[in-house]
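2 protein chains.
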Amino acid sequence: MSNRVITISREFGSGGRTIGRKVAEKLGIPCYDAELVQKIAEESGYTAEYVEEESEHTEGSWLSTVLSDRSMGLTNQDKLWTIQSKVIIELAEKGPCVIVGRCADYVLRDKADCLNVFIHASLEKRAERIVKEYGETDDTPEERVKDKDKRRAAYHRFYTDMKWGDAKNYDICLNSGELGIDKCVELICSLY
Amino acid sequence: MSNRVITISREFGSGGRTIGRKVAEKLGIPCYDAELVQKIAEESGYTAEYVEEESEHTEGSWLSTVLSDRSMGLTNQDKLWTIQSKVIIELAEKGPCVIVGRCADYVLRDKADCLNVFIHASLEKRAERIVKEYGETDDTPEERVKDKDKRRAAYHRFYTDMKWGDAKNYDICLNSGELGIDKCVELICSLY
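Respectively, the protein sequence lines represent chains A and B. Convert by adding 357 to the 1-based position in the first sequence; the result is the number in my numbering. Convert by adding 357 to the 1-based position in the second sequence; the result is the number in my numbering.
No copy is singled out in the list; a pair is fine if it fits within one copy or between any two copies.
PhoX-like mimics (lysine-lysine), calculated; alpha carbons at most 20 angstroms apart, straight line:
| no. | residue 1 | residue 2 |
| --- | --- | --- |
| 1 | Lys507 | Lys520 |
| 2 | Lys525 | Lys505 |
| 3 | Lys482 | Lys525 |
| 4 | Lys525 | Lys503 |
| 5 | Lys540 | Lys482 |
| 6 | Lys503 | Lys520 |
| 7 | Lys503 | Lys489 |
| 8 | Lys505 | Lys489 |
Honestly, the hints are just simulated from the structure, not real lab data.
Next up, chain A with everything else stripped away, as it sits in the complex (with noise of 0.2 angstroms):
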């Protein structure tokens, strides 16, 4: 098995993002993440801020959104989701590469050799993060954990039709809360 992309899914706090940054350094290949929404918004003519407000990390109504505009056509948020899709594949054409969150699985799943990953941990764990790393200041962390999860899931489910957080979809699931970054980032670059 020669996995050349590592796709990490992740829920929010459980700290795959810096999961998958140090991957990517261990084994001296590219992390696209915020990366990824620069490039979108180069591709779609949006702004960068524009892009993440409309993909998996709104904060916005997009679920409103979606139901109420789809009738009337292609949304903004399906328009860059083609434009995302055609980004992600581009640059896992380019060559080895750590892809963080933007259903990456789901848009590769035919089109390149994939190490597929989900990084999980508890709603305490998460929240305790999200205060202790991101420096969030709301008085209830779980609360908004909770609520982003909600629409990652959403999001996820809308456009891939999987269930977000099904075991069955990665090769790998590891939670971070229990295990530590660290021994999480060990177990991954040892698949590669």
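Based on these hints, arrange chain B on the given structure of chain A.
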């Protein structure tokens, strides 16, 4: 994290039982699988065959038994669940070990320091495996795998109220069909 008990939940045909045995051998600790059935049989007074039949491995129509008999009080399966739970807790208290199946992750959730593992593989790989390794001669091994999946999922759901195969219920989930049995063994041992 000093894990003392490794619980292995697994899809039928994924090689989880083999992985459990190899992990235990490598770590020099006991693996409870068939031995567990034997102990439950001794405690309950039933034969090992009956225990096997009425537990997660059942081929019979336990679901209909559950539905029809529970109104009359505890079913045999409920009684076996109680004995099984007691035996699992006793074994875990004896010392470090590997326990395969039987919802040990759930039974030990507040009782022992566990590393909870889930092993899965694609339907195709599992069907291939049951024919090759277990000598299954069924004309439609995929159907048999699917049937077993349904029974285990229903049993698990009924007694634990947790979703079978949901990544968040485990510390690590591994696709043995993609990673291979030996790699799974190596990864689990490296976490102990």
